[in-house]
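Student: Residue numbers (my numbering), protein chains in the order written: chain A, 1 to 438; chain B, 1 to 297.
In short, the hints are calculated from the structure, not lab data. For every residue, glycine included, the Cβ atom is placed at its ideal position computed from N, Cα and C. Incorrect hints may have been included.
[As the list claims (entries may be wrong)] Here are the simulated lysine-lysine pairs, DSSO-like style, with alpha carbons at most 30 Å apart:
hint : chain 1 : residue 1 : chain 2 : residue 2
1    : A       : K420      : A       : K257
2    : A       : K185      : A       : K420
3    : B       : K210      : A       : K89
4    : A       : K304      : A       : K180
5    : A       : K427      : B       : K46
6    : B       : K105      : A       : K427
7    : A       : K64       : A       : K89
8    : A       : K230      : B       : K46
9    : A       : K257      : B       : K163
10   : A       : K130      : A       : K166
11   : B       : K263      : A       : K427
12   : A       : K420      : B       : K163
13   : A       : K257      : B       : K263
14   : B       : K263      : B       : K105
15   : A       : K75       : A       : K241
16   : A       : K89       : B       : K263
17   : A       : K185      : A       : K200
18   : A       : K64       : A       : K230
19   : A       : K149      : B       : K263
20   : A       : K195      : A       : K180
21   : A       : K427      : A       : K75
22   : A       : K288      : A       : K241
23   : A       : K89       : B       : K68
24   : A       : K248      : B       : K105
25   : B       : K263      : A       : K241
26   : A       : K420      : B       : K68
27   : A       : K241      : B       : K68
28   : B       : K103      : A       : K248
[To be verified] Selected chain A positions facing chain B (Cβ under 8 Å, derived; list incomplete):
hint : residue
29   : N208
30   : N397
31   : I400
32   : A404
33   : V410
34   : V411
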Amino acid sequence: MKKVLALFLTCVVLLAGCSSGGAGKEPAASNGNSGNSDSGSKAEEITIWAWDPAFNIAALNIAKEAYSKKNPDAKINIVEFAQADIIQKLNTGLNSGTTKGLPNIVLIEDYRAQSFLQSYPDSFVNLSDKIKAEDFADYKIGPTSLDGKQYGVPFDSGVTGMYVRKDYIEQAGYSIDDLKNIDWKQYIEIGKVVKEKTGKHMITLDPNDLGLIRMIIQSAGSWYVSEDGKTPDLANNAALKEAFELYKEMMEANIVKLNADWSQFIANINNGDVVTVPTGNWITPSVKAEASQSGQWAILPVPKLPQTPNSVHATNLGGSSWYVMNIPGSETAADFLAETFGSDVDMYQKLLTDIGAIGTLKAAAGGEAYSQPDEFFGGEQIVNNFAAWTAEIPRVNYGIFTYAIEDIMVVEMQSYLNGKDIDQALKDAQAQAEAQVR
Amino acid sequence: MKTDKAGLSIRTKSNLTGWSFILIAVVMIATFYFYPMAQALILSFKTGTGSNLTFTGWDNYIRLLSDKTFLTALTNTFIYLIVQVPIMIILALFISVLLNDSKLKFRGFFRTAIFLPCVTSLVAYSVVFKYLFAADGLVNSLLMSLSIIGEPIQWITHPFWAKITIIIAITWRWTGYNMIFYLSALQNIDSSIYEAARIDGASSFKQFTKITIPMLKPIILFTSITSTIGTLQLFDEVMNITKGGPGNATLSISQYIYNLSFKYTADFGYAATVSYSIVVIIVLLSILQFKVAGDKK
Numbered sequence: 001m002k003k004v005l006a007l008f009l010t011c012v013v014l015l016a017g018c019s020s021g022g023a024g025k026e027p028a029a030s031n032g033n034s035g036n037s038d039s040g041s042k043a044e045e046i047t048i049w050a051w052d053p054a055f056n057i058a059a060l061n062i063a064k065e066a067y068s069k070k071n072p073d074a075k076i077n078i079v080e081f082a083q084a085d086i087i088q089k090l091n092t093g094l095n096s097g098t099t100k101g102l103p104n105i106v107l108i109e110d111y112r113a114q115s116f117l118q119s120y121p122d123s124f125v126n127l128s129d130k131i132k133a134e135d136f137a138d139y140k141i142g143p144t145s146l147d148g149k150q151y152g153v154p155f156d157s158g159v160t161g162m163y164v165r166k167d168y169i170e171q172a173g174y175s176i177d178d179l180k181n182i183d184w185k186q187y188i189e190i191g192k193v194v195k196e197k198t199g200k201h202m203i204t205l206d207p208n209d210l211g212l213i214r215m216i217i218q219s220a221g222s223w224y225v226s227e228d229g230k231t232p233d234l235a236n237n238a239a240l241k242e243a244f245e246l247y248k249e250m251m252e253a254n255i256v257k258l259n260a261d262w263s264q265f266i267a268n269i270n271n272g273d274v275v276t277v278p279t280g281n282w283i284t285p286s287v288k289a290e291a292s293q294s295g296q297w298a299i300l301p302v303p304k305l306p307q308t309p310n311s312v313h314a315t316n317l318g319g320s321s322w323y324v325m326n327i328p329g330s331e332t333a334a335d336f337l338a339e340t341f342g343s344d345v346d347m348y349q350k351l352l353t354d355i356g357a358i359g360t361l362k363a364a365a366g367g368e369a370y371s372q373p374d375e376f377f378g379g380e381q382i383v384n385n386f387a388a389w390t391a392e393i394p395r396v397n398y399g400i401f402t403y404a405i406e407d408i409m410v411v412e413m414q415s416y417l418n419g420k421d422i423d424q425a426l427k428d429a430q431a432q433a434e435a436q437v438r
Numbered sequence: 001m002k003t004d005k006a007g008l009s010i011r012t013k014s015n016l017t018g019w020s021f022i023l024i025a026v027v028m029i030a031t032f033y034f035y036p037m038a039q040a041l042i043l044s045f046k047t048g049t050g051s052n053l054t055f056t057g058w059d060n061y062i063r064l065l066s067d068k069t070f071l072t073a074l075t076n077t078f079i080y081l082i083v084q085v086p087i088m089i090i091l092a093l094f095i096s097v098l099l100n101d102s103k104l105k106f107r108g109f110f111r112t113a114i115f116l117p118c119v120t121s122l123v124a125y126s127v128v129f130k131y132l133f134a135a136d137g138l139v140n141s142l143l144m145s146l147s148i149i150g151e152p153i154q155w156i157t158h159p160f161w162a163k164i165t166i167i168i169a170i171t172w173r174w175t176g177y178n179m180i181f182y183l184s185a186l187q188n189i190d191s192s193i194y195e196a197a198r199i200d201g202a203s204s205f206k207q208f209t210k211i212t213i214p215m216l217k218p219i220i221l222f223t224s225i226t227s228t229i230g231t232l233q234l235f236d237e238v239m240n241i242t243k244g245g246p247g248n249a250t251l252s253i254s255q256y257i258y259n260l261s262f263k264y265t266a267d268f269g270y271a272a273t274v275s276y277s278i279v280v281i282i283v284l285l286s287i288l289q290f291k292v293a294g295d296k297k
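Assemble the whole structure, with the sequences as input and the hints as a guide.
Tutor: This is the structure:
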């Protein structure tokens, strides 16, 4: 018995040793990526995490090339992870209190940015003296700054457009101009006719993803939470209510082709199953992937809300920005971002021509690449259009609970579609969100 | 320092040797099992986002009781449990009895074929199922070409059919696994018992219900407990086939824990509370199953 006790005590002592090692915060702990500790040195090695090889990783490679020309000693490692993996790794890494294995620069989606900045104070570097916030599109500053300090380097714009199949629209007896600057009610009416005449669905939606709702409410300067980013704003949100009603109308008009995930979404576009795709400009490479449809597509501004007065034909979906983590090497990392994504207008032209990435640096929009016509989209200067819409996107505070609230909204949307009263649905969502976000 | 010979008796020495053999294992288990369990319990009393955690006592447990999403996840998990586990157990029993028949040809082949799903990766088979059951997937086109259904069933995007899809998937994946337990138990039943039954004129069905099932009772208990635990921890299938949707219609408790930790703003305290609720449920259910089916001493 004594031995069991002794053994138990040994374990306790061992465990105490373990816990004291793990529990303490050590923001300046040694970093696995950099061998030496003089963080000011330009020769240091930095690691960057991002997702999407065709878009973000490709952009990073261009930035790396641009930076290496001026700083040949810098060693930059670019690591690709799925976005969900990055979120998991960041959360677990930051929570465990050890910064080993974390990257120097990380890409974070704008909807999630505040949740990281606020949940892990001191884990990200204040870049206010490295970049100027006013150099970037206005609506990007909300998610990337906290308490007046600029933490993120705004990148991917997320500005939306309505991608339209011209041939289907014409088959149904419309011209492309009939779809310019319309509202969602007109959109549905046109959709019904197109469905009847061509048999094609107007839009493809994933019932688990309310991206369309987010787009619609942001176009009216509204969000799931009120200005403070904390109080759920669902029960009395006129724009949200209208968006919900339009969503149901679309479903009932039978103009929606359901998809269950991203690959089916893309397949529906490329197979020619849908007539319009209202979504972020980042879809352009995927639309163009089906080369046989060249010339059949056009990009128009997204529809607006028919009843909400301040709704505009410009909104945002997704989009992400770069953040520097507070670990050794942060100087080099901040310098890298400042010199590339933070200011390099020429590099932005290359980003556009090579990979079709539209950034949010205002100065870059004056560049030549922005006014290049795109033959795939009937010779339109699509990027110029996107850049112009970017300037009109209403600025909202996403807060830190976007996805938690959206999961509640998805459930209420299902009940609403099945006949629940709209006001009751939003009221129930409000009550649940309040319980969730305290 | 004194030498061993001088200080320790042979008995103490052999005891020490014994302990030193298991010491590493004990330390490892304590560090990697018991320490995290204790930490998670402590964590479940804290609230906050990310690393801003504060001790709030029973708050999380009170929240749990009024959390609609948790209730939905719990209900879904129990639907899987109540519908899927009995189907699977009965199916596995039935197949194992068929495959135990010594007159059956290609027994080895059939056994392997039915066991094979268990060696596939959870994620890989889930992804395959998602494509099989897509609106324009193989299952729908098959059913339509056979004129069983008129228009495609929304397997993944309809709340009811999504649950059915998950149940079909886990049944496919785990039936063979349970079958193996029954097969090995059947080998241990003396064939003379069946012989005697046949001589007494018992039908095959009677033999099955009066001999096979009672003889397999401990194994049935074992498989139903492991299946219960497995179902309560269901994650991969739901995550990969439906992502819990549409509208939480297929959400499982494990996926809710994942969502709370990683999909939403990280709330590790509450996620730990939900995890402990699974522990409590599994313990209660296992006790119940032992009481209902277990042997009385």
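Student: Against this structure, judge whether each hint is valid.
Tutor: Okay, the hints, checked on the actual structure:
1. Pair hint K420 (chain A) plus K257 (chain A) holds up; C-alpha atoms about 23 Å apart against a cutoff of 30 Å.
2. Note on K185 (chain A) and K420 (chain A): the hinted pairing holds, with a Cα-Cα distance of about 22 Å set against a maximum of 30 Å.
3. For the given pair, K210 (chain B) sits about 55 Å from K89 (chain A) by alpha-carbon distance, which is inconsistent with the 30 Å threshold.
4. Between K304 (chain A) and K180 (chain A) the alpha-carbon distance is near 11 Å, which keeps this suggested pair within the 30 Å criterion.
5. Between K427 (chain A) and K46 (chain B) the alpha-carbon distance is near 28 Å, which keeps this suggested pair within the 30 Å criterion.
6. Restraint check for K105 (chain B) and K427 (chain A): the C-alpha separation of about 64 Å exceeds 30 Å, so the hint is violated.
7. As the CA atoms of K64 (chain A) and K89 (chain A) are separated by approximately 24 Å, the hinted pair is consistent with the 30 Å bound.
8. Between K230 (chain A) and K46 (chain B), the direct Cα distance comes to roughly 20 Å. Compliance with the 30 Å bound is thereby established for this hinted pair.
9. Between K257 (chain A) and K163 (chain B) the alpha-carbon distance is near 21 Å, which keeps this suggested pair within the 30 Å criterion.
10. Restraint check: the Cα-Cα separation between K130 (chain A) and K166 (chain A) comes to about 45 Å, which exceeds 30 Å; the hinted pair is violated.
11. Taking the CA atoms of K263 (chain B) and K427 (chain A), the gap is near 24 Å; set against the 30 Å cutoff, the hint holds.
12. A threshold of 30 Å between alpha carbons decides the hint, and for K420 (chain A) with K163 (chain B) the separation of about 22 Å falls inside it, so the pair holds.
13. At roughly 26 Å between alpha-carbon atoms, K257 (chain A) and K263 (chain B) fall within 30 Å of each other, so this suggested pair holds.
14. Restraint check: the Cα-Cα separation between K263 (chain B) and K105 (chain B) comes to about 51 Å, which exceeds 30 Å; the hinted pair is violated.
15. For a cut-off of 30 Å, the pair hint linking K75 (chain A) to K241 (chain A) is broken: about 51 Å separates their Cα positions.
16. For the hint pairing K89 (chain A) with K263 (chain B), the CA-to-CA distance comes to about 12 Å; that is within 30 Å, so the pair holds.
17. Of the supplied pair hints, the one linking K185 (chain A) and K200 (chain A) holds, its CA atoms being roughly 18 Å apart against a limit of 30 Å.
18. Taking the CA atoms of K64 (chain A) and K230 (chain A), the gap is about 37 Å. The hint is violated against a cut of 30 Å.
19. With a C-alpha separation of about 26 Å, the suggested pairing of K149 (chain A) with K263 (chain B) holds against the 30 Å cut-off.
20. The hinted pair formed by K195 (chain A) and K180 (chain A) meets the criterion: a straight-line CA distance of about 19 Å does not exceed 30 Å.
21. For the given pair, K427 (chain A) sits about 53 Å from K75 (chain A) by alpha-carbon distance, which is inconsistent with the 30 Å threshold.
22. For a cut-off of 30 Å, the pair hint linking K288 (chain A) to K241 (chain A) is broken: about 35 Å separates their Cα positions.
23. For the hint pairing K89 (chain A) with K68 (chain B), the CA-to-CA distance comes to about 28 Å; that is within 30 Å, so the pair holds.
24. The suggested pairing of K248 (chain A) with K105 (chain B) is violated, with an alpha-carbon distance near 57 Å, which exceeds 30 Å.
25. Between K263 (chain B) and K241 (chain A) the alpha-carbon distance is near 25 Å, which keeps this suggested pair within the 30 Å criterion.
26. Of the supplied pair hints, the one linking K420 (chain A) and K68 (chain B) holds, its CA atoms being roughly 17 Å apart against a limit of 30 Å.
27. Simply put, K241 (chain A) and K68 (chain B) have alpha-carbon atoms about 22 Å apart, close enough for the 30 Å limit, and the pair holds.
28. Restraint check: the Cα-Cα separation between K103 (chain B) and K248 (chain A) comes to about 60 Å, which exceeds 30 Å; the hinted pair is violated.
29. Here the hint on N208 (chain A) is kept, as its CB sits about 4 Å from the closest CB of chain B, short of 8 Å.
30. Annotation: N397 (chain A) was flagged as interfacial toward chain B, and the flag is violated, the nearest CB pair being 14 Å apart, outside 8 Å.
31. Interface hint at I400 (chain A): satisfied, since its Cβ lies 5 Å from the closest Cβ of chain B, which is below the 8 Å cut-off.
32. Annotation: interface hint on A404 (chain A) holds; nearest CB of chain B at approximately 4 Å, less than 8 Å.
33. Look at V410 (chain A): its Cβ gets to within about 5 Å of chain B, closer than 8 Å, so that hint holds up.
34. A hinted interface residue such as V411 (chain A) counts as satisfied when its beta carbon comes closer than 8 Å to some beta carbon of chain B; here the least separation is about 4 Å, so the hint holds.
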